[in-house]
Structures are given as C-alpha cells and as structure tokens.
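Line by line, the protein sequences are chains A, B, C and D. Heads up: the first sequence is residues 226 to 420, going by the working numbering. Heads up: the second sequence is residues 226 to 420, going by the working numbering. Heads up: the third sequence is residues 226 to 420, going by the working numbering. Heads up: the fourth sequence is residues 226 to 420, going by the working numbering.
These are calculated hints, taken from the structure and not from any lab test. Any given hint could turn out to be false.
In silico DSSO-like links for lysine-lysine, alpha-carbon gap of 27 Å or less [as the list claims (entries may be wrong)]:
(1) C:Lys394 with B:Lys245
(2) C:Lys292 with B:Lys394
(3) D:Lys240 with D:Lys292
(4) D:Lys245 with A:Lys245
(5) B:Lys240 with C:Lys394
(6) A:Lys394 with D:Lys394
(7) D:Lys245 with D:Lys394
(8) B:Lys394 with C:Lys394
(9) B:Lys245 with B:Lys292
(10) C:Lys414 with D:Lys394
(11) A:Lys292 with D:Lys394
(12) C:Lys245 with D:Lys245
(13) A:Lys245 with D:Lys394
(14) B:Lys240 with A:Lys414
(15) C:Lys245 with B:Lys394
(16) D:Lys245 with C:Lys414
(17) C:Lys245 with B:Lys292
(18) D:Lys414 with C:Lys394
(19) D:Lys394 with A:Lys240
(20) B:Lys414 with A:Lys245
(21) A:Lys414 with B:Lys394
(22) C:Lys292 with B:Lys245
(23) B:Lys414 with A:Lys394
(24) D:Lys240 with A:Lys394
(25) D:Lys414 with C:Lys245
If you want a taste of the chain D side facing chain C, the calculated C-beta under 8 Å gives, among others [to be verified]:
(26) Glu247
(27) Val389
(28) Leu392
(29) His399
(30) Leu400
FRET-style restraints, in silico, Cβ to Cβ [to be verified]:
(31) A:Lys306 with C:Glu383: 39 to 47 Å
(32) C:Glu383 with D:Glu295: 23 to 31 Å
(33) A:Thr318 with D:Ser402: 26 to 34 Å
(34) A:Lys245 with D:Glu234: 21 to 29 Å
(35) B:Arg378 with A:Ala232: 38 to 46 Å
(36) B:Lys245 with A:Ala376: 55 to 63 Å
(37) B:Glu383 with A:Thr416: 53 to 61 Å
(38) D:Asp349 with C:Gly283: 49 to 57 Å
(39) C:Glu415 with A:Pro242: 28 to 36 Å
(40) C:Asp349 with A:Pro379: 36 to 44 Å
Every residue gets a Cβ at the ideal spot worked out from N, C-alpha and C, and that includes glycine.
Number of protein chains: 4
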Amino acid sequence: MHTFGIADEEFIRGKVPMTKAEIRAMVMVKAAIAPGGAVADIGAGTGSLSVEAALAAGSGKVYAIEKNPEGIGLIRQNAEKFGCGNIEVIEGTAPEAMDSLPVCQVILIGGTGGHLPAILDAADAHLAPGGRVVLTAVTAETTGDIVRAFADRPYALEGFQMQVNRLRKLGRYHLYSPLSPVFIFTAVKETADRS
Amino acid sequence: MHTFGIADEEFIRGKVPMTKAEIRAMVMVKAAIAPGGAVADIGAGTGSLSVEAALAAGSGKVYAIEKNPEGIGLIRQNAEKFGCGNIEVIEGTAPEAMDSLPVCQVILIGGTGGHLPAILDAADAHLAPGGRVVLTAVTAETTGDIVRAFADRPYALEGFQMQVNRLRKLGRYHLYSPLSPVFIFTAVKETADRS
Amino acid sequence: MHTFGIADEEFIRGKVPMTKAEIRAMVMVKAAIAPGGAVADIGAGTGSLSVEAALAAGSGKVYAIEKNPEGIGLIRQNAEKFGCGNIEVIEGTAPEAMDSLPVCQVILIGGTGGHLPAILDAADAHLAPGGRVVLTAVTAETTGDIVRAFADRPYALEGFQMQVNRLRKLGRYHLYSPLSPVFIFTAVKETADRS
Amino acid sequence: MHTFGIADEEFIRGKVPMTKAEIRAMVMVKAAIAPGGAVADIGAGTGSLSVEAALAAGSGKVYAIEKNPEGIGLIRQNAEKFGCGNIEVIEGTAPEAMDSLPVCQVILIGGTGGHLPAILDAADAHLAPGGRVVLTAVTAETTGDIVRAFADRPYALEGFQMQVNRLRKLGRYHLYSPLSPVFIFTAVKETADRS
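If we strip away everything but chain A, and leave its shape as in the complex, we get (with noise of 0.2 Å):
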C-alpha cells in the first residue's frame, strides 16, 4: 500500500511554493485515489501533489496541468525522480487546458487563477459521476469563493482548516515551527440515482 509518506526535502523545488507533506498527506487522503483511475491536478506547481497521486494510482495516469515553465520542468524532474511515468504534463492555463481531460475519477485543484467558477465547470464535464473534487485554499479570498461556488451545484462538499504547528528541538526544549493554515474542501459528484 502506498503512505503518502514523501518529506517535503525530497521533492525537488526551486522556488516554487510547494504544498507542505502533512497537508499533501491530508489532500490524498481525502482524494481517495484507487488504483487504476484518472487523475487531474490543476496547477500542479512542483508536481508533488502529482507525484503522490501518481504512486497511489498505480496503472491509473495522473494528468499534471501548470502554466509556469519552471513548474513544468519540476513536474517532470520529479515525476522521473519518483519513476511515475504515469504523469502527464499538460502546459497551459485552466480551464482551457482542462479541454483534453479524459473521464478522471479525481480532480485536485489548488490555484485558480480568479478562473474558479470556470474550472469547476470544466472540472464537472470532466469528472465520473461520484467523482470528487478535492480543493486547497491558502487565501482568505478563497475559502467563501469555494463555498459559494458549489452553493448550486449537485455535489456532497465538505471543508474544514488544518493547521500544523511542527516541533524542531533548540537546545534541551522543542519549540513550534507554525506553517500556514490551508482549507481543504472535498465535493463529491452526485449520481445520477441521488437526484
């Protein structure tokens, strides 16, 4: 069984923001990827959200999109570093670039880019039904944007705000290393049986 279990040192990052390991722990666990399905990974940054979706999807295929360049060097670098040849880097800005998406079983969706309404629209044409989104939000814009953008859409959503406070040692006492607060938001696609 794959653990999500990657520390953050062994991605390889440059200067791209990278996702922490105990919420990219989190956004799997609730992105419940089963071996064999399709995933997307919208803004994909450093990959190493792709990267842990590509291990838990074994025969699947991860679909890994970023506009940066420097992001889509990282992704592939990583994803050779972690032998995932299951990921596919698609160049490009959502939702426009979410047009080739085969049927995914997981969309993950960090940044946004102000497009959001748009990209769940493009999400929801691409997801299976019982499907789910799983969505990060690290700005205090974002959390209500994401709330009341599935206000009236048919999808079960959940969210909550994690917080982690890491303890490094300094001398005889271990202190609190605070990263920053994320909101992690998981709607599941009805079926067609729910409505």
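Could you slot chains B, C and D onto chain A? The hints should help.
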C-alpha cells in the same frame, strides 16, 4: 488501496471518546502500515484506529489493547461491522498487557495512563528494527512527557500539533466547528546499522 | 486603567451567542478606545463588547445597535449590571439604524447580515478622520468579503485570524477546549493629510 | 487610557527574540496592571513587555530582569525610546536576581531557563496577596511544567493556547502568515481570606 476515509459516525462508539476522522487519517499516514504486518494499538478505545489499521494491514494483524470493558465491547462490535477478522482484542492494561505481543512493525499509542516510560520500554521490546511508534497526545502535560521520554532512546522522533476547524453550514453562511488540537509524534526505531 | 478582564459568565446572556473573553479583549485592544470618545457597536448581541467599550470610554458614550428583541433586553440588563449609564441602545437594523449616530472615534462591527458594503458606507459617514473600524468575522464567507470591501476604501487595513484553546483540568491532566477561530480586522481611516 | 497598541517594528530589537504584538497585548490584558503598581518582568528580552507594562503602570514601576548583555542594552534603549523612566533594569539570572524585588502586584514570566519551581517560589515571596503571575510558554515542554508546578500552590490558575495567523496582501489576494502558538497562563494568588 485503502484510504482511511471512514467517517466518525460510521463507528459504534457509545460514550467512549474517539479520535476524530482527520486525526485518525493523519495517524494512519504517519503509521505507514504495510500489508501483512503486525500492528499494536495501545489504549484502543472504540477501536476506530484498530479498524483503519486492520484494513490497511490486510493479511496482517492488529492487536488492540484496552482495559475498559465498554471499550472492549465496542472494539469487537466495530471489528465485526467493518469485517476485520484480523483484530485481536487483548484485555488489560499497558504495559503488562503488552507481554504477549509478537514482534510488531507499528505500535500506536493513544492514552498511557501515566505509564509512558514503561510502555515505551515494552513497545521497544516488541518493535522490529526500522519499525515505528505513533503517539497521540491530547493533554497539556503529555506533549512534554513524550519528547522527554524519547530524549535518550535510539529513535528518530518527529512531531507536530494539528488542529482542524470543520466548516458547517448555517443558513447562508459556513461557521467553524473547532476540534481539539492533537499532537502526533512519529518515532522510527533505528536499525542496528545506524548505531 | 480599565483592563478588559470581564469573564464570560459574568454577563447575562440567555441563548444569544457571545464573543468569548479572549476575543473580546483583543477586539478592545485593537479598538484603542480613549476616554471621552463616541463608540458604535453594530450588532451588539448581548452587549458584552458594548459594556467593555463603555468602561473604556469613561465619560464617553457607546451606541449599541441591535435588532433582536432578546438581545436588546440583554444589552440593557448588562449595561445596568456593570453600571454603564453611558450605553444607549438603538433598536433597529444596520445600516438604517446608523443614521442617528454622532461622529464616532471607533465603530465595532460584528454581524452584518449580508449588508457589509452599505454598513461600511454608513460607518464611514459617521467616523472621524483617524478613527477606526474593528470588524470580527466568524464565517468562511465574511473574511474574504471584508478584505474585498476595503480594497478601494481610504483605510489602512490589517487583519489576522486568532484561535484560542482553553485548558481545562480533568483528573490529573489538562485537556484542550477549543474555541472557534475568529478573524479580527482593524481599519484606520486616513486623515485628509495623507491623501 | 493606554491600549497596548505598540507595533512590533517600533521596538529596537537586534536579534533577540521578541513577543509578537498580539501576544504582548493579550499578556497585558491578563496582567491587568493598575496605575501605581509594581511589576516584575522576568526574562525581559528586548523589554517590549516591560515598556507596555511601564506605560500601563504610570506612576508605578517595572523591574526588568535580564541576564543577556544584548538584551539589557535593548531594554534600556527601548525604555528611553518610549519615555519609560519607570523601568529599572536588574542584571542577572532568576531566581537569584529576584532577591531585591519589592512587593509586586504583577509578575510576568517569559523564559525560566529550567528553574521554574525556584522562580515561582521567589515570585511568591515577592507577590502581594491577590497579585497575579502571568506566564508565557513557547515550548512543548514548558506548558506541562507550568500546570504541574501550580498543582499544589494556592493560586487560581487558568491558561490557554493562542495562535495568530496574520493576513498579508500578495497581489489580489491575502495570504496567511502564521505566528508561533503561545500558551498564556494567569495565576492569581489567593488572599488569606480564602484559605
């Protein structure tokens, strides 16, 4: 793949306190249980962690140690509800009740009833090299006790505090439902090669 | 000097939600109420903030605006209990009920009932140059609404999320009692000199 | 009225760690310093708390105990910058350096250098009945040490963990800048009447 996705309300729990879903998922991530392994759950409570561990362990086995008769009954009920024939309940108090444990790859420690050093000694006696102990602390006192207890032990220790605020809908808005913060420690036992 | 030290249980509160002591204290710190000033408390609830503001304002005055009849009664009871003859209750809904306000040095805004921009317009109309608005947000939606509402206003805005976990004794240990996180924003109105 | 509103960057600080503004304000709220009183600040660091205490104490006096030469210099510089002629620096290490303290109404305790019980004994010897000790803890170990140290002392103890995430603007959005969590304890010394 198993994905630690069991919701709190799916467990039979009576009035016994239960580790919440997000914490349970994070403990499982840190435990990194491989199929086929032996896992001990010290202070198993309702058995919610034992069940998640048993599902992850597959052909392996989970030893759930619990002294509280109500808890013992709940563990058995939950094991049955989730079809976990690989959970063996050991009635008794740690560290004494740990005597009959086989060599384990993972030992989960919830409450210690004030016997932390002795429980860690017993855990060490039954933990394979490279194995890991995952401890949760929910009191102001226990956090410091744990870091101090590991000061001179041949383990690589990391720990963090994690707090989750769930969002719940109220009318047109979403309010926060705060969960108690929990400290999660992971101690990996050094292999002979490292010493 | 007044020190914002009133405990939660000293207020008469019925079933009306009340800002908790630690948050109330921080709001008062950010409000920086000087003796003699005029303060408005929009959505005064139980009047707990109005009472603290009235004690800080001394010879000044606090205008407590509240629409809920139960709340109005509680504000009056609490004003009497704490000997705050300088609290004037204005029954009604913001922004309309703000029409009769004098020029204020400080305006506290709790709930806005979805009328944030109009309430900020009314607040601005009654706020002295250099005066400050202190807003609390307790929903996932309001935080973003507030930062956006101030984007083009001539105010210096700062804000933070604050979460308190109280410790409570249980047997030999202290457990955490988490309070809901609150966002506190302070907006200082620019004086003519700055523009 | 003094309002604990000094921003972090107004203090001269060098490389000495400093209690952040929101925490400093909350410590002052809990200290409830009355004008004219005597206050001791044990482990005064940069003197930021001493300055706030001195402004609140008015005609009273603040005794800032610090062993670090860099800190001693900073306390003197900050006292001068904020016009606090009522701060007296005591060079030395607690508890020894506390010998010369007069009877105090409030004693602030930051770091204890591992001598907590002895420092609490010294504090008790110099604290007026009804006086209060406010302690801050920033390590995983100290929190438990403090609650245990007060278990048998004739003080009413309350404590909480507080975490602040400041919002900072980045482009069109506001990100979170997390501050380290701090535990704040307030211990009020029982008067003879209560025993």
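Evaluation of the provided hints:
1. C:Lys394 with B:Lys245: 21 Å, holds
2. C:Lys292 with B:Lys394: The hint holds at about 23 Å.
3. D:Lys240 with D:Lys292: 15 Å, holds
4. D:Lys245 with A:Lys245: Distance ~25 Å between Lys245 (chain D) and Lys245 (chain A) Cα, so the pair holds.
5. B:Lys240 with C:Lys394: 19 Å, holds
6. A:Lys394 with D:Lys394: 31 Å, violated
7. D:Lys245 with D:Lys394: Holds. Lys245 (chain D) to Lys394 (chain D) sits at ~19 Å (cutoff 27 Å).
8. B:Lys394 with C:Lys394: 31 Å, violated
9. B:Lys245 with B:Lys292: 21 Å, holds
10. C:Lys414 with D:Lys394: 18 Å, holds
11. A:Lys292 with D:Lys394: Between Lys292 (chain A) and Lys394 (chain D) the Cα gap is close to 23 Å, so the pair holds against 27 Å.
12. C:Lys245 with D:Lys245: Within the cut-off at roughly 21 Å; holds.
13. A:Lys245 with D:Lys394: Distance of about 21 Å is within 27 Å: holds.
14. B:Lys240 with A:Lys414: 33 Å, violated
15. C:Lys245 with B:Lys394: Satisfied, since the Cα-Cα distance of roughly 21 Å is no more than 27 Å.
16. D:Lys245 with C:Lys414: Holds. Lys245 (chain D) to Lys414 (chain C) sits at ~24 Å (cutoff 27 Å).
17. C:Lys245 with B:Lys292: Violated. Lys245 (chain C) to Lys292 (chain B) sits at ~38 Å, over the 27 Å cutoff.
18. D:Lys414 with C:Lys394: 18 Å, holds
19. D:Lys394 with A:Lys240: 19 Å, holds
20. B:Lys414 with A:Lys245: Roughly 24 Å separates the two Cα atoms, so the pair holds.
21. A:Lys414 with B:Lys394: 18 Å, holds
22. C:Lys292 with B:Lys245: 38 Å, violated
23. B:Lys414 with A:Lys394: With Cα atoms ~18 Å apart, Lys414 (chain B) and Lys394 (chain A) stay inside 27 Å; holds.
24. D:Lys240 with A:Lys394: This hinted pair holds, its Cα atoms lying about 19 Å apart.
25. D:Lys414 with C:Lys245: Holds. Lys414 (chain D) to Lys245 (chain C) sits at ~24 Å (cutoff 27 Å).
26. Glu247: Given a least distance of 7 Å, the restraint on Glu247 (chain D) holds.
27. Val389: This hint holds: Val389 (chain D) lies near chain C, its Cβ roughly 5 Å from the closest one there, short of 8 Å.
28. Leu392: Holds, because the Cβ-Cβ distance from Leu392 (chain D) to chain C comes to roughly 5 Å (cut-off 8 Å).
29. His399: 5 Å, holds
30. Leu400: 11 Å, violated
31. A:Lys306 with C:Glu383: 39 to 47 Å: Hint holds: Cβ distance 42 Å, inside 39 to 47 Å.
32. C:Glu383 with D:Glu295: 23 to 31 Å: With Cβ atoms ~30 Å apart, the hint holds.
33. A:Thr318 with D:Ser402: 26 to 34 Å: Between Thr318 (chain A) and Ser402 (chain D), where Cβ atoms are some 28 Å apart, the hint holds.
34. A:Lys245 with D:Glu234: 21 to 29 Å: Since Lys245 (chain A) and Glu234 (chain D) have Cβ atoms about 28 Å apart, the given range 21 to 29 Å holds.
35. B:Arg378 with A:Ala232: 38 to 46 Å: At 21 Å between Cβs, range violated.
36. B:Lys245 with A:Ala376: 55 to 63 Å: 26 Å, violated
37. B:Glu383 with A:Thr416: 53 to 61 Å: 41 Å, violated
38. D:Asp349 with C:Gly283: 49 to 57 Å: Violated, since Asp349 (chain D) and Gly283 (chain C) (Cβ atoms, about 35 Å apart) do not stay within the stated range.
39. C:Glu415 with A:Pro242: 28 to 36 Å: The hinted range 28 to 36 Å holds for Glu415 (chain C) and Pro242 (chain A), with Cβ atoms some 33 Å apart.
40. C:Asp349 with A:Pro379: 36 to 44 Å: 41 Å, holds
The structure does not agree with the numbered hints 6, 8, 14, 17, 22, 30, 35, 36, 37 and 38 stated previously, though it agrees with the rest.
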